[in-house]
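*Asks:* Protein chains in written order, with full-length UniProt numbering: chain F, 1 to 252; chain C, 1 to 597.
It cannot be assumed that every hint is accurate.
Calculated cross-link-like contacts (lysine-lysine; reagent style BS3-like; alpha-carbon spacing at most 25 Å) [to be verified]:
1. 523/C to 81/F
2. 11/C to 22/F
3. 263/C to 143/F
4. 143/F to 504/C
5. 11/C to 123/F
6. 143/F to 257/C
No lab work stands behind these hints: they were computed from the structure. This one's a predicted model, so the numbers in the text were calculated from it and none came from an experiment.
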Amino acid sequence: MQTTPIVDVKNLQKIYGAKKEKQYEALTDINFAVAPGEFVGIMGPSGSGKTTLLNLLSTLDVPTAGSVRINNQEVSHLKGKQLADFRAQQVGFIFQDFNLLESLTARENISLPLSLQDVPRSKTVAAVEEVAQTLSIADLLDKYPAELSGGQKQRVAAARALVHHPAIIMGDEPTGALDSKSARELLDLLSNINQQQNVPVLLVTHDPFSASFCDRILFIQDGRIKQELSRQGQARKDFYGQILEQLGTFEQ
Amino acid sequence: MLLKLAITGIKQRFRDYVVLLMGLIISSGIFYIFASLAINTDFIKANSGISIAAQVFMFGMVLLLIITMVYVSYANTFLLSMRQHDYGLFMMLGAKKQNIGVLMVLETILLGGVASIIGIILGIGVSSVLSQFLFNQLGVTIHHFSPIYGPAMIDTLTVYVVLFALAAVLNLSKLMRTPVLKLLHVEDEATNVRVRPVLQALAAVLGIACLAIGYYAMAQIMTLQLTAIPIALVTITLGTYLLFSAIIGGVLTAIRKSRFAAKRLRTFTLAQINFRVRGYTRILTVVSLLFAMALGAISVGAGFQRQIPTMVASISSYTISIKDETPNEAKLAKQLHVKWQKSYQQTIQGDTAYYNEAAFAKQPFPMLANPAAKNDGRVKQFSLPEFKKKAIISSDFLALSPTSNHIRFLNNSDFNNLKGQKHQLTIIRVHSNVQDRKVLEKITASQQRRFHEPFFNLGGGYSGFVLFNNLFGGLEFMGFFLGIAFLAMLASCLMFKILSGANKDVVRYNMLNRIGVSQRLMKQAIWQEVGTLFIIPGVLGIIDVLFGLQMFKPLLYNPYEIVGWTILGFCMLYGLYAWLTISLYRRLVVPPMQLSK
Ligand SMILES: Nc1ncnc2c1ncn2[C@@H]1O[C@H](COP(=O)(O)OP(=O)(O)OP(=O)(O)O)[C@@H](O)[C@H]1O
Ligand SMILES: [Mg+2]
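Sequences and hints are given; from them, build the entire structure.
*Replies:* Given below as structure tokens:
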């Protein structure tokens, strides 16, 4: 059965620096698609263009050329209010540095995407409770970020990314600042949600262990997709081995 | 090596240093301006005409000193927060703590010294322009006033250098006690304090009690005399502070939990305000006091300004009388903006002044309508018989013949046959003494030269105008001058405090941008956030003034007469500052929607 992809990237290019300045081509001719419910990882050495790619997908930056379609919408030309609405409604983003507002409680942080859409209060309360249950942070809701551990903060951030049921979840090294136990918990949660709610996840990571939770991994080097690896029903452990092997060949 | 590091540090945060330096320059400039008035005793003696003026100025000086201390301490906290990270880095790289300490103290004192020297220069400039402007606008003559005043310069420099040295020592001890690692991670501390209802309720009650005492003391200034001022100062400062810390946090938390908050960015904005107001309690207290003082000073200044014409009007129905007008005087009189003009003949024989009845029948003499006690400055033209009765006791009519003991009215032929000294009197009422003051002065001088009369024997409203201007003009000038100076101080205080907090907000608004908050919403949030910071002290300041004006009841007929207009004008100036701050802030804080744009 042919389904339309949630993310469809064609001939994407990004050049940093204005015309007259020193220019740097960070991404060259990137093509790939993400199917509904797919968990896709993006790996590559430092400076290879992972963050750049994710910024283009999440509309934080504009591509030099090429097209990005998300949920059947061309996003590279969005402007102003449409752009803001797109970010607020279609994308759930989890950042490495959590990106929580420290002056708001966990509950208020999580409610923010719903408040932005003027969702009625009773619905907001219910939605926040629900997502908090899923992420087991129900008893932390009235704390401020400063009173939470790194792992807890990241789960709150994940809850904020999920609460409005976005079309896609993106994360730029969301486990980067966590210890291995918290990292594992977060990844378990993400793959659970991915499977249960059929939300596609796009995850940038350095770490082969994190990557082993994915269905498919794109390897980027020098701004190009060099290799693709599919899990194809393997157990996580075996996939992990395969990733390590692949990274080994990259390093040579 | 360290010097090089220090210079790179400054380069990196150039914008913050500019904000800091500008704030300090403005505050020291204002301090200088105030000092140049307050410690210039010759100026105060010569211009106030009221004995308590000197004390009032001294209290003002003390208050300004307290405000300056708050300002400098805040500036130094800001400075330390900027440098902390660098100092930590230097230490990690192996610099000795002592060396860092010396560096820091030098940096701090240098900053204070440079800022105050530039501030004094700025103060001299502003003071000359402002005083010229006020002299022209108010038409007052001020003696012993000079924008360049040595003792004030020395005082300002001393105060700033001493305060900065103190602050440097405090910062130093803080720095020495803090472990290096903590210096490197100062940015991410917890900022939220939990609400403690009992303590806050207590603070609120205490705050209101303090304010009540302060306002009562001011209202009772007649019985308490001078002690009212220090009582009011202490209790109102304390009360405002307590009320701020108690109420605002509680109210905001309550709103945050309500249905209202769940829309768009409201939760965020409320949290921002809450966070700000708590961190700003000290500065907001200062601002509300400054606001009150500025508004109070201007209200009183405007009160005097308004009072002078009323008092002048009640002295005499006419502005000047010109005796035997010369061609030159006639030429001058043509330049006046005349409301009405009459002329009569007068004959002096012995100690009696004679007038022609028929002349007064033909053109009645406008006289003050009511006698002394009920005098409200209204002017009336009476019928001839009534006029003749009233004229012999009317001060404005009697002033036309200052050397005569009697007045008699004769019929036309008797008057024409009378021998004696004949005079032609021209009586003029102008629209505004202020407007015509230069011409009036020339005519009066010429009359004095010709008739060798003492000035106040000339009669007419103009002589009263000169008298009152000497008496009150100084006070009026001080009121306006200080009001505007305080307003500038206030605005610089608040503006720079707000702008210096921009760094932290940059991060927050960046986050908001990433999760899809539109530019419009962010701008709106900034309007609300920064606007509230201006509105709260403004409202408290207005309340302070409404009560504070009680103090001036002994001096002014009705201090509240035009307070509405003063408040309006003041709010417009204040609003302009708020608008400026908000626009600057927005530019600093709201990120572009996309990185490459
Ligand atoms: N704003 C920018 N201006 C110019 N060059 C940039 C900019 N942002 C990134 N680059 C360059 O583009 C390349 C890709 O950067 P990117 O941040 O995407 O790497 P990354 O794969 O995320 O690396 P890491 O794993 O270290 O996070 C790098 O060489 C970087 O120097
Ligand atoms: Mg990156």
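*Asks:* Take the hints in turn and mark each one as holding or not.
*Replies:* Status of the hints after comparison with the structure:
no.: 1; hint: 523/C to 81/F; in the structure: holds (13 Å)
no.: 2; hint: 11/C to 22/F; in the structure: holds (24 Å)
no.: 3; hint: 263/C to 143/F; in the structure: holds (21 Å)
no.: 4; hint: 143/F to 504/C; in the structure: holds (20 Å)
no.: 5; hint: 11/C to 123/F; in the structure: violated (50 Å)
no.: 6; hint: 143/F to 257/C; in the structure: holds (14 Å)
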